[in-house]
Amino acid sequence: MPLLSNAELARIFYEIADLLEIKGELVYKAVAYRRVADAIERSPVEVARAYREHRPPRLVGVGAAIAEKLEELADTGRLAYLERLRGEVPRTLLELLAVPGVGPRTVHTLHERLGIADLDDLRRAAEAGALRSVRGMTERTEQAILAGIAGLARMPTRMRLGQAARLVEKVAEALASTPGLVRLEAAGSFRRRVPTIGDIDLLAASGDPRALADRFVALASVEKVLAHGPHKSAVQLNEGRQVDLMIAPPGSYGSFLVHFTGSKAHNVRLRAIARERGWSLSEHGFVRLGPDGEPLTGEAAETRTFPDEESVYGFLDLPWIEPELREDRGEIEAAMAARGADGRLPKDPGRGALPTLIQVADLRGDCHVHSDWSDGVHAIEVMAEAARQRGYSWIVLTDHSVGLGIARGLDVERVLAQREVLRALNARYQREETEGRAPEVTPRDGFRVLHGVELEIRADATLDFDDALLASFDVVVASLHQGRRQSARQLTERVLAAIHSPHVDIIAHPSGRMLTGRDELPLEWEIVYAEAARTGTLLEINGSDNRLDLDDERARRARDMGCRLVISSDAHRIAELDFVAYGVDMARRGWIGAGEVINTGSRDELLAWVAAKPDRVLRRGAA
DNA sequence: GCCGTTTTCGGCCCGACTGTTTTCAGTCG
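Taking numbering that gives the first Met the number 0, the leading residue of the first sequence gets 0, the next gets one more, and so forth.
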């Protein structure tokens, strides 16, 4: 019986929650199941395996009833309770929840009253004007539902970070000159740098909210106005994306920003802390609660508002928490560690157990860059010059090896020819540095292009070049593009073959995922991390906004297992050198500091690390 | 369904917007 993954378990509990809600059960029952689904999804342990081995982890929200269900799922992969629910509530009803404006209560009513069981039924009923027979529904409701169903078909998938960034910039620019505007920025999952973004949440502070909201809904790119109020408006742009605009008074901007940055799980924790201390927290700030747990009114009423986030966290005796960490993955506990023995934040508070996160400015080079020698767009000198202008101390040129024919991979002769080009280029850099003609940003140790390769790990687990040639590169980056359909065992063996080579220094985009529709490879991750850590093989956080691989959680786990990481752009053109910023985003979401990433060090440090690999591999036998 | 320096019941995070409800429920984030 194959083991269910945490993601699969979470899906099951989310489905139970939806089914219960449609059934009309107590909403808190559904809430309880969703909370557990959340907890499982973010759990670092394999929940099903742990249950099967009779050492269930402590998960918040799991009581006797749900523990029993987890046991059943772990042992049999099935759940009688879910199957019974599915029998009572047609599964196709769940699809109706995707229609905007249709929630569980509406689905319940439509099913009870009109026998509507799927999207087709709903469309036919709306077209026939049958919905208005239900209390609370009119012809307008029918039109809205039809429009919603039509919209589902051309619903765009989630945005990549890069797409979201362009959209934010566009809207912000169009609103920038609005009278009264004090401040405007993106909050939500975009600010937390989640790999993919559903819709954009903008937060503004303005002296004239009405004017700002009016301007927002009248933007040329707006197709449809979804909501239009003085505090909150929402639009759908013509490319299908939704943008929400919240408008805060400047004096309470801090709590608004916390609230709309989320995550929801993080906010729930903050509100619980506030409540323990006798305050209710919302986007508007803190409201004093009476002994009955209700806000005090009249004379006794008391509120606290803050213009910045630091003060909001400070009021709860917490240091400010970076947006990237706000996922309730331990950041609250880490922040609480900054409190003194009296439970208060000291005068000059430290960061508690919060990590000092890496920043883009910490990077001193890029270990994964292509040129027009393989599938890149720009010439070597052009890529190199762009990198030099960024103030880097090096790039590693990593054109593909011959096995990746589709990318015009280099054979031995072209590798050697390319090396001559680099020799001449580096000689030129050295002359310029000696003569003081190098760009001002050039670091003290100068700028060099190191010779590397993106080495194909072949389908039969052999490497594309022989050891002698591999040994002649400064840095070898190995990756796997072909034979993706093999079993987890085979794929893992191929990655391990690269890790165990004394010449392979970096595993690039280890999971092989593409956010635009290519799933992760099913690797045996714990083994990969352990062997990478033992041999000192670096694991890449690929910053291409379509890859983001390793992602935040894998990077964190790898680091915890002792791996060192490298953040690379995988640039195929000069503009893509900026992709490292998204890689840094993933690292920050993974609680990673500059010291755990090799390309924050000097060129010498990188080369020394690489040179030591054969020893580390050899030590294997001795261990 | 879960949980308890508000523990075995009665809560469960909080508020804006919409539509049609003449006082509020449903949806959404």
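If you are wondering where the hints come from, they were derived from the structure by calculation, not from laboratory data.
There may be inaccurate statements among the hints.
[To be verified] Below, a list of computed lysine to aspartate or glutamate pairs in the DMTMM-like style, where the Cα atoms sit at most 20 Å apart: (1) Lys263 - Glu40; (2) Lys22 - Glu138; (3) Lys346 - Glu309; (4) Lys612 - Glu412; (5) Lys263 - Glu552; (6) Lys263 - Glu238; (7) Lys612 - Asp410; (8) Lys28 - Glu82; (9) Lys346 - Asp307; (10) Lys22 - Glu126; (11) Lys68 - Glu14; (12) Lys223 - Glu138; (13) Lys263 - Glu309; (14) Lys169 - Glu222; (15) Lys612 - Glu530; (16) Lys346 - Glu308; (17) Lys231 - Glu298; (18) Lys169 - Asp577; (19) Lys169 - Asp243; (20) Lys263 - Glu332.
Structure-based check of all given hints:
no.: 1; hint: Lys263 - Glu40; in the structure: holds, 14 Å
no.: 2; hint: Lys22 - Glu138; in the structure: violated, 26 Å
no.: 3; hint: Lys346 - Glu309; in the structure: holds, 14 Å
no.: 4; hint: Lys612 - Glu412; in the structure: violated, 26 Å
no.: 5; hint: Lys263 - Glu552; in the structure: holds, 18 Å
no.: 6; hint: Lys263 - Glu238; in the structure: violated, 27 Å
no.: 7; hint: Lys612 - Asp410; in the structure: violated, 25 Å
no.: 8; hint: Lys28 - Glu82; in the structure: holds, 18 Å
no.: 9; hint: Lys346 - Asp307; in the structure: holds, 18 Å
no.: 10; hint: Lys22 - Glu126; in the structure: violated, 25 Å
no.: 11; hint: Lys68 - Glu14; in the structure: holds, 14 Å
no.: 12; hint: Lys223 - Glu138; in the structure: holds, 19 Å
no.: 13; hint: Lys263 - Glu309; in the structure: holds, 19 Å
no.: 14; hint: Lys169 - Glu222; in the structure: holds, 15 Å
no.: 15; hint: Lys612 - Glu530; in the structure: holds, 13 Å
no.: 16; hint: Lys346 - Glu308; in the structure: holds, 17 Å
no.: 17; hint: Lys231 - Glu298; in the structure: violated, 30 Å
no.: 18; hint: Lys169 - Asp577; in the structure: holds, 19 Å
no.: 19; hint: Lys169 - Asp243; in the structure: holds, 14 Å
no.: 20; hint: Lys263 - Glu332; in the structure: holds, 17 Å
Hints 2, 4, 6, 7, 10, 17, counting from the list given before, are not met by this structure.
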